[in-house]
Amino acid sequence: MPANSVLRVSYFIQIMDETKRKRKTKNSYGQIRAESLFKRTLVGIGAGMIVLVLGILFTLIVESIPSIRHLGARYLWGTTWDPVNNVYGAAPFLLGTLLTSFLALIISIPFSFAIAIYLGEYNPKGWLSSFLKNTVELIAAVPSVIYGFWGLLVLVPLVRTLEIKLGVLPYGIGIFTASLILAIMIIPYAASLGREMIRLVPSPLKEAAYSLGATRYEVIKNVILPYTKSGLFAGILLSLGRALGETMAVTMVIGNTSMIPTSIFAPGNTMASVIANEFTEADHTVYLSALIELGLVLFLVTVVINMAGKRIIKKFTTE
Amino acid sequence: MNVNVKYRVGKSKGVQALIVFFAFLITVPLLLIILYIFREGITKINWTFLTKIPKPVGETGGGIANALIGSALIVLTASVLAVPLGIMCGIYLSENKTGRLSYWSRLSVDVLQGVPSIVIGIVVYFWIVKPVGTFSAFSGSVALAIMMLPILIRSTEETLKMIPFSLKEAGLALGLPYHRVILKVIVPCGISGILSGIMLSIARIAGETAPLLFTAFGNPYLNINLAKPMQSLPLMIFNYATSPYDDWHNMAWGAALILLFTVLLLNIITKLTTRRWNVQL
Numbered sequence: 001m002p003a004n005s006v007l008r009v010s011y012f013i014q015i016m017d018e019t020k021r022k023r024k025t026k027n028s029y030g031q032i033r034a035e036s037l038f039k040r041t042l043v044g045i046g047a048g049m050i051v052l053v054l055g056i057l058f059t060l061i062v063e064s065i066p067s068i069r070h071l072g073a074r075y076l077w078g079t080t081w082d083p084v085n086n087v088y089g090a091a092p093f094l095l096g097t098l099l100t101s102f103l104a105l106i107i108s109i110p111f112s113f114a115i116a117i118y119l120g121e122y123n124p125k126g127w128l129s130s131f132l133k134n135t136v137e138l139i140a141a142v143p144s145v146i147y148g149f150w151g152l153l154v155l156v157p158l159v160r161t162l163e164i165k166l167g168v169l170p171y172g173i174g175i176f177t178a179s180l181i182l183a184i185m186i187i188p189y190a191a192s193l194g195r196e197m198i199r200l201v202p203s204p205l206k207e208a209a210y211s212l213g214a215t216r217y218e219v220i221k222n223v224i225l226p227y228t229k230s231g232l233f234a235g236i237l238l239s240l241g242r243a244l245g246e247t248m249a250v251t252m253v254i255g256n257t258s259m260i261p262t263s264i265f266a267p268g269n270t271m272a273s274v275i276a277n278e279f280t281e282a283d284h285t286v287y288l289s290a291l292i293e294l295g296l297v298l299f300l301v302t303v304v305i306n307m308a309g310k311r312i313i314k315k316f317t318t319e
Numbered sequence: 001m002n003v004n005v006k007y008r009v010g011k012s013k014g015v016q017a018l019i020v021f022f023a024f025l026i027t028v029p030l031l032l033i034i035l036y037i038f039r040e041g042i043t044k045i046n047w048t049f050l051t052k053i054p055k056p057v058g059e060t061g062g063g064i065a066n067a068l069i070g071s072a073l074i075v076l077t078a079s080v081l082a083v084p085l086g087i088m089c090g091i092y093l094s095e096n097k098t099g100r101l102s103y104w105s106r107l108s109v110d111v112l113q114g115v116p117s118i119v120i121g122i123v124v125y126f127w128i129v130k131p132v133g134t135f136s137a138f139s140g141s142v143a144l145a146i147m148m149l150p151i152l153i154r155s156t157e158e159t160l161k162m163i164p165f166s167l168k169e170a171g172l173a174l175g176l177p178y179h180r181v182i183l184k185v186i187v188p189c190g191i192s193g194i195l196s197g198i199m200l201s202i203a204r205i206a207g208e209t210a211p212l213l214f215t216a217f218g219n220p221y222l223n224i225n226l227a228k229p230m231q232s233l234p235l236m237i238f239n240y241a242t243s244p245y246d247d248w249h250n251m252a253w254g255a256a257l258i259l260l261f262t263v264l265l266l267n268i269i270t271k272l273t274t275r276r277w278n279v280q281l
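So the protein sequences, as listed, match chains A and B.
Residue numbering for the first sequence follows the numbering used here, starting at 1 and increasing by one per position.
Residue numbering for the second sequence follows the numbering used here, starting at 1 and increasing by one per position.
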């Protein structure tokens, strides 16, 4: 009996061991499988991003084929946009986009550079600078439809009074108003990037200039600005990319006419605002496809500008 | 000589004054916008405004309940779609700093960040709305999710890059499998940075209108079916603001106030709670 029980116990232990070992091996097989599954999922999602971007490009190209085939390259410099007679020329919108964006850029540059220099050089720490920094970030956070609404009901009457004083046709809405709104919206991008860049200026350079008796302005002009030139340029490029693609605020205040704008106070249209206005009304293939071709042009232009900006920043920060 | 020095110092002071002036001038438009919207909007907001759906033009009363619920649903669905994908992709990019696939993947995220929102709207229209045959809230969520992805990926990647490599080594040395090291050690260490990325991305898309124009489309009635067109706050502000009716302008002011304060609040909360994580966006 005792021998038997010992035997039984040892047998039992053996079985326990075996099941434990089995479970363990099975478990670690499971772990290995889970591990490789996890790694493969990560790679799949990483590749998915490439597929997503290529898919966007592909869809835009495929859907604009009817328009490319029907209109060819004439599309880009045609000056009449007349869906009723099936004539599509994108020149008014290309011109409108360029005008609003560059005007906005010119208005915004003094502000964004001033903010960048103030936060990066004059007053990098303290409550006043963090107040300004947070304000700038909140400006970037306000939804564009709210800028548009405010612009439509507050800025448009102001511009109209200005136009009456200047003696031009008082539309109120138009390219100038859109540029003003856009300028406010894009200041944060160039400003925060410029601040980062100015912070990167090595202090020995500045100290050397100060020790030679340079004033603060001279240090900024002769040391900081030349050193951060390319970084500041990249910031301008990124805000230009932002301005080109901005839709809602511009759509609400630009006036939406398909004429070639005759002055900066005239109403016009940008690529993005035409798409927003006419996409759901487009009732035949070529019309719809002409709008998508605008989207394709917009996509390509913004991608090139953004990539150029990011390349410059990368080069600047690694040097 | 002395005069020259005085001139240079004076010039420096003058430029400084000019820069300070221009730098702080930027606070003016923000204050004007916030004050104006607050003044116009606060009188319109009451219980009916928040709980009723809009009435036809000419009748007084009515509210924006459909837009509030619709916005919440669309943004929630977009987050459910984008957050897991975004975090996983961020992990992938932070784990694979070199390599051809991760280079192209990172480049694609950069490209995606710069794509104008209206283009995403067009593309999602052809991916979902056209094959299905109807505008739907779900397609709107997909468009917003695509817009969220780059922000999520960037913030996750930047946060995880800052976590010391020794933590990962310690986990692996204990025999933990790779996925558990990532999910149980690395991600919890960076969770506050990742959370701030999530909140910022929600704040960014909550006010987006352009991608919803051809996807969620808008709806004057209350709808909670994701397969049908749905109203959202920004869409409603756009439609009402560009209408000629004063009643609708008034409702748009109220809606704008709610939207503006939600977005600003989300930004401020994120900033206060996650100040120590220097997330780059």
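Take these hints with a grain of salt, some might be off.
[Claimed, not checked] For lysine-lysine, the following BS3-like pairs were computed, each having C-alpha atoms within a straight-line distance of at most 25 Å: (1) K310(A) to K161(B); (2) K206(A) to K13(B); (3) K55(B) to K229(A); (4) K97(B) to K133(A); (5) K133(A) to K39(A); (6) K228(B) to K310(A); (7) K11(B) to K97(B); (8) K206(A) to K221(A); (9) K314(A) to K229(A); (10) K13(B) to K130(B); (11) K221(A) to K314(A); (12) K39(A) to K271(B); (13) K228(B) to K55(B); (14) K314(A) to K161(B); (15) K125(A) to K271(B); (16) K39(A) to K13(B); (17) K11(B) to K39(A); (18) K229(A) to K315(A).
[What the hints assert, rightly or not] Examples of chain B residues toward chain A, derived with CB under 8 Å: (19) I26; (20) F38; (21) I42; (22) V123; (23) I128; (24) V132; (25) L174; (26) T209; (27) Y245; (28) W248.
[Unchecked claim] Only part of the chain B face toward chain A is listed, based on derived beta-carbon distances under 8 Å: (29) V9; (30) T98; (31) Y103; (32) V111; (33) V119; (34) S166; (35) A170; (36) V263.
Keep in mind the hints are simulated off the structure, nothing from the lab.
The beta-carbon is built from N, C-alpha and C at its ideal position, and this holds for glycine as well.
Hint check:
Our distance criterion of 25 Å between C-alpha atoms is met by K310(A) and K161(B), whose separation comes to about 19 Å. Restraint check for K206(A) and K13(B): the C-alpha separation of about 18 Å stays at or below 25 Å, so the hint holds. Of the supplied pair hints, the one linking K55(B) and K229(A) is violated, its CA atoms being roughly 56 Å apart against a limit of 25 Å. In summary, the hint linking K97(B) to K133(A) is not supported, as the alpha carbons are separated by about 31 Å, beyond the 25 Å threshold.
A hinted pair counts as satisfied when its Cα atoms are at most 25 Å apart, and K133(A) with K39(A) does not qualify at roughly 40 Å. A hinted pair counts as satisfied when its Cα atoms are at most 25 Å apart, and K228(B) with K310(A) does not qualify at roughly 39 Å. Using a Cα cut-off of 25 Å, the hinted pair K11(B) and K97(B) is violated, with the two alpha carbons roughly 48 Å apart. Taken as a hint, the K206(A) and K221(A) pair is honoured in the structure, with Cα atoms around 11 Å apart against an allowance of 25 Å.
This hinted pair checks out: K314(A) and K229(A) have alpha carbons roughly 14 Å apart, not beyond 25 Å. Proximity of K13(B) to K130(B) is assessed by CA-CA distance (about 62 Å); at most 25 Å being required, the pair is judged violated. Between K221(A) and K314(A), the direct Cα distance comes to roughly 24 Å. Compliance with the 25 Å bound is thereby established for this hinted pair. A hinted pair counts as satisfied when its Cα atoms are at most 25 Å apart, and K39(A) with K271(B) does not qualify at roughly 33 Å.
Of the supplied pair hints, the one linking K228(B) and K55(B) holds, its CA atoms being roughly 20 Å apart against a limit of 25 Å. Distance hint between K314(A) and K161(B) is fulfilled; the C-alpha atoms sit about 17 Å from each other, no more than 25 Å. Note on K125(A) and K271(B): the hinted pairing holds, with a Cα-Cα distance of about 17 Å set against a maximum of 25 Å. Distance hint between K39(A) and K13(B) is unfulfilled; the C-alpha atoms sit about 59 Å from each other, more than 25 Å.
Using a Cα cut-off of 25 Å, the hinted pair K11(B) and K39(A) is violated, with the two alpha carbons roughly 61 Å apart. About 12 Å separates the Cα atoms of K229(A) and K315(A), which keeps this hinted pair within 25 Å; it holds. Taking 8 Å as the C-beta cut-off, the interface hint given for I26(B) holds, the closest approach to chain A being about 5 Å. Look at F38(B): its Cβ only gets to about 12 Å from chain A, farther than 8 Å, so that hint breaks.
For the restraint placing I42(B) at the interface with chain A, the shortest Cβ-Cβ distance is roughly 15 Å, beyond the 8 Å limit, so the hint is violated. Restraint check, V123(B) versus chain A: the minimum CB separation of about 5 Å is within 8 Å; hint holds. Residue-level restraint check for I128(B) is violated (minimum Cβ-Cβ distance to chain A is 11 Å; threshold 8 Å). Taking 8 Å as the C-beta cut-off, the interface hint given for V132(B) is violated, the closest approach to chain A being about 16 Å.
About 13 Å separates the beta-carbon of L174(B) from the nearest beta-carbon of chain A, more than 8 Å, and the hint is not met. About 5 Å separates the beta-carbon of T209(B) from the nearest beta-carbon of chain A, less than 8 Å, and the hint is met. Look at Y245(B): its Cβ only gets to about 13 Å from chain A, farther than 8 Å, so that hint breaks. Interface restraint check: W248(B) against chain A, minimum CB-CB distance 12 Å, threshold 8 Å, status violated.
For the restraint placing V9(B) at the interface with chain A, the shortest Cβ-Cβ distance is roughly 6 Å, inside the 8 Å limit, so the hint holds. Here the hint on T98(B) is broken, as its CB sits about 13 Å from the closest CB of chain A, past 8 Å. With its C-beta approaching chain A no nearer than about 10 Å, Y103(B) sits outside the 8 Å limit, and its interface hint is violated. The criterion of a C-beta within 8 Å of any C-beta in chain A is met by V111(B), whose closest approach is roughly 5 Å, and the hint holds.
Checking V119(B) against chain A by beta carbon gives a least distance of about 5 Å; that is within 8 Å, so the hint holds. Evaluation of the S166(B) hint against chain A yields a violated restraint, the C-beta minimum of about 21 Å exceeding 8 Å. For A170(B), the suggested interface contact is broken, since its CB lies about 18 Å from the closest CB of chain A, more than 8 Å. With a least beta-carbon distance of about 6 Å to chain A, the hint placing V263(B) at the interface is held under the 8 Å criterion.
Consistency note: the structure conflicts with the earlier hints numbered 3, 4, 5, 6, 7, 10, 12, 16, 17, 20, 21, 23, 24, 25, 27, 28, 30, 31, 34, 35.
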